[in-house]
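These protein sequences, in sequence, are chains A, B, C and D. Numbered by the working numbering, the letters in the first sequence go through residues 1 to 223 in order. Numbered by the working numbering, the letters in the second sequence go through residues 1 to 223 in order. Numbered by the working numbering, the letters in the third sequence go through residues 1 to 223 in order. Numbered by the working numbering, the letters in the fourth sequence go through residues 1 to 223 in order.
These are calculated hints, taken from the structure and not from any lab test. Do not take every clue at face value.
A pair holds if it fits inside one copy or across any two, identical chains being indistinguishable in the list.
[Stated by the list, open to error] No farther apart than 20 Å at their CA atoms in a straight line, the calculated lysine to aspartate or glutamate pairs in the EDC-like style are these:
1) Lys209 x Glu23
2) Lys33 x Glu216
3) Lys54 x Glu193
4) Lys54 x Glu23
5) Lys99 x Asp65
6) Lys85 x Glu23
7) Lys186 x Asp136
8) Lys165 x Glu197
9) Lys99 x Glu213
10) Lys207 x Glu79
This is what each chain is made of:
4 protein chains.
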Amino acid sequence: MKTPIILVNYKIYNEISGSRGLELAKICQEVSKKTGVNIAIAPQMIDLFYIAEKISIPVFSQHVDNIKPGSGTGKTTLEGIRATKAVGTLINHSENRLKIADIENIVTKCKELGLISVVCTNNLAVSKAVAMFNPDFIAVEPPELIGGDISVTDADPDIVKNTVKVIRDISPKTKVLCGAGVKNGKDIKKAIELGAEGVLLASGVTKAKNPREVLEDLAKGAI
Amino acid sequence: MKTPIILVNYKIYNEISGSRGLELAKICQEVSKKTGVNIAIAPQMIDLFYIAEKISIPVFSQHVDNIKPGSGTGKTTLEGIRATKAVGTLINHSENRLKIADIENIVTKCKELGLISVVCTNNLAVSKAVAMFNPDFIAVEPPELIGGDISVTDADPDIVKNTVKVIRDISPKTKVLCGAGVKNGKDIKKAIELGAEGVLLASGVTKAKNPREVLEDLAKGAI
Amino acid sequence: MKTPIILVNYKIYNEISGSRGLELAKICQEVSKKTGVNIAIAPQMIDLFYIAEKISIPVFSQHVDNIKPGSGTGKTTLEGIRATKAVGTLINHSENRLKIADIENIVTKCKELGLISVVCTNNLAVSKAVAMFNPDFIAVEPPELIGGDISVTDADPDIVKNTVKVIRDISPKTKVLCGAGVKNGKDIKKAIELGAEGVLLASGVTKAKNPREVLEDLAKGAI
Amino acid sequence: MKTPIILVNYKIYNEISGSRGLELAKICQEVSKKTGVNIAIAPQMIDLFYIAEKISIPVFSQHVDNIKPGSGTGKTTLEGIRATKAVGTLINHSENRLKIADIENIVTKCKELGLISVVCTNNLAVSKAVAMFNPDFIAVEPPELIGGDISVTDADPDIVKNTVKVIRDISPKTKVLCGAGVKNGKDIKKAIELGAEGVLLASGVTKAKNPREVLEDLAKGAI
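Next up, chain A with everything else stripped away, as it sits in the complex (with noise of 0.2 Å):
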């Protein structure tokens, strides 16, 4: 997966439902492709094999349980996920946590199926701990600053910086994404400063007027 990334989480919100969400899709993958830069998305579940199968960019899962095909109604397995050309997952998001032992074999079984595993963490500590499982991405997201309108690259720089450095020494291949707040170029450029290699966000661009040109914005400063 190219660094720098732009993760856009498109969340539950109306904005994004039925065909908007592929309308949404579309317009990341235009920007991407004109400004080079890494867009991937991450649309509703039900979404998830409708927008898949007709846009090129990265596509991930919102969510997958530690569940194997067969019985689990309602449920979503990493094979169902990989059947849909979606190329991961995030897992362990703060609206919608999972036990630690979940985590460690989603983590394992993303590797052996090929996924691109992205865990969110909301503190150093936990970063560090799931630093252990080797994951792809962790995307630290202090959960008091989610959905807020001040960056946490500029109310709490400091976690970024850290989880950065700290990850480095137990997970050398896991690379650190940052969300909360993040909407805009100035954002991103400041999160690529403190050593992350992208963002995750949702509202900054699922909520905007025009969001071709939060994301144009976005590209720019990730470049």
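Start from chain A and add chains B, C and D according to the hints.
What follows is chains B, C and D alone, placed relative to chain A:
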């Protein structure tokens, strides 16, 4: 929703992930057209929109969360389901049980949004309780028979007959489906004789060597 | 269980942990004896047996899991509750909602074990559903009023009156309590006028500067 | 906390509910005094304070929620546990797994409150992750061996040896316990030879015909 109905729950079997889920959906559609029997499907969550946009038989979500559009990474809203053109959702499946206040709220919201609610229950008492919410369908499935070899219509015909009877008194517009072990035309014929307006089944179709044959046999039983 | 009843839910407030929980229990007992009004308590889970063995007014568990004795580290069984001499349990409190099949199973098992079931509900529809299980008590508490300053008896008297009315038709032996914002004798008097047989309250007593005074006022309202 | 330690998890077996739980606690205490080996217990949640006030050997909670004192009917706080005179708590038992952020927060808060944290883990990778939080104890229990007849020390001695080794590097002050299938003095002797500082066990004691004999045999193995 025309009845009798054969509602095929895909669960998360390997046999229905990726493009194979769409193939099975097309077979269901063909058998439905050929026989005139209403066949509906509940695909994997992540395949919902992908499949729903490509076929014309009724598509249901396997699950929904009692959550509003907005934050909620990895969750599923009724609004999101409606935007995929799915016609409704399973609620409270035995593999994804819900809290009672959530069931009530989801059923109420289904009515507002014009979605069909299919609430799964495990016994007569719970069916009676759920009937108070006036869902479109109650699908009674004794948990000990789910995934087994003996159809609920043979193993416990009384639960079907009694559920039909008591639901008629409490909520006359609610239709009763039955499930657990249902596998062939004989089973669905018996279900209809017992007063049910259809069946909910999974492995009998999804894991069949020849799903078309199984579906045609089921449809024959439903006529 | 004699009614009207004042059922004091200790929740997990600092004010009632350790020996202070027992002190409050003794005050409840003294006021009950003095006034002749039935006052019951639901202490912290970990204090249940400690308090139950030392007082003679009715003690309830705050919660129970739908699980059999055996494995289940950290869980609570009805059999375990009964062995502490507690007389029953709250079920499905708004801070600890249960799945519908679990509520049904717990209420049924309460009858077998001779324990008193107090099922909490959030609105009229859920109360009607729960009435199908014929619990001993239904305690209706509109969630938006819990912990607030305005008593449900003032903010939404109709929900109390209507719950009493519909429950009487469905399950004549089930008694109705109301809760949320209940704080003084005036509130409980109103509750009884609306047809309730008592109140469920928490912070109004547990966080009171002088719990004895509050309890005496409540008891006065209940006479 | 003196080691080696024999930590008896009561779970929710019928054999330890009510007064029988106290009886077993007294036997543990007598054997501990007689042999000089540290024996600790984790009683049923609802019996915690009842037992803790009556005995002097260390008492642990079986579980704790990551929640502050206040609202939270049916939950358990560290503050509440401390007020019962219990010395600490099991965290993340295989029958009550926690989210990773909750484990981190609970372990951190245990240190602030002077409580002993015993975090249960299922394999080497999860043990390493948890070691990042520097708990007082890590109790590794391969889930497939829990409740079985073969002790982890025979079935998988390497997991014990390797856990001890890696934890020593990551968090030198964290002590390792092992569990699953542990039943007699021979098992605990082997555990100590493998580097563990004690065992966590349940049915081997709680369901024994003669718990005193079993405990004496265990204590002998620990000397």
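When Cα atoms must be at most 20 Å apart, do Lys186 and Asp136 count as within-copy, between-copy, both, or neither?
neither (25 Å within a copy, 43 Å between copies)
As a check of your reading, is Lys207 near Glu79 (CA-CA no more than 20 Å) within one copy, between copies, both or neither?
Classified as between: cross-chain Cα gap 17 Å, same-chain 31 Å, threshold 20 Å.
20 Å Cα threshold - placement of Glu216 relative to Lys33:
The answer is within: 11 Å in one copy meets 20 Å, while 49 Å across copies does not.
Please work out whether the CA atoms of Lys99 and Glu213 approach to 20 Å or closer within one copy, between two copies, in both situations, or in neither?
neither (38 Å within a copy, 38 Å between copies)
First find the shortest C-alpha distance between Lys99 and Asp65 inside one copy, then the shortest across copies, and answer within, between, both or neither for a cut-off of 20 Å.
Intra 10 Å, inter 13 Å, cutoff 20 Å: intra and inter.
When no copy is named, should Lys165 and Glu197 be tagged within, between, both, or neither for a Cα gap of at most 20 Å?
within (13 Å within a copy, 33 Å between copies)
Please sort Lys54 with Glu23 into within, between, both or neither, judging by C-alpha distance up to 20 Å.
Both, since 11 Å and 18 Å are each at most 20 Å.
Indicate which option fits the pair Lys209, Glu23 if close means a Cα-Cα distance not exceeding 20 Å: within, between, both or neither.
within (14 Å within a copy, 39 Å between copies)
How would you classify Lys85 and Glu23 at a CA-CA limit of 20 Å: within, between, both, or neither?
both (19 Å within a copy, 17 Å between copies)
For Lys54 and Glu193, with the copy left unspecified, which applies at a CA distance of at most 20 Å: within, between, both, or neither?
neither (34 Å within a copy, 46 Å between copies)
Going through the hint list in order, the structure does not satisfy hints 3, 7 and 9.
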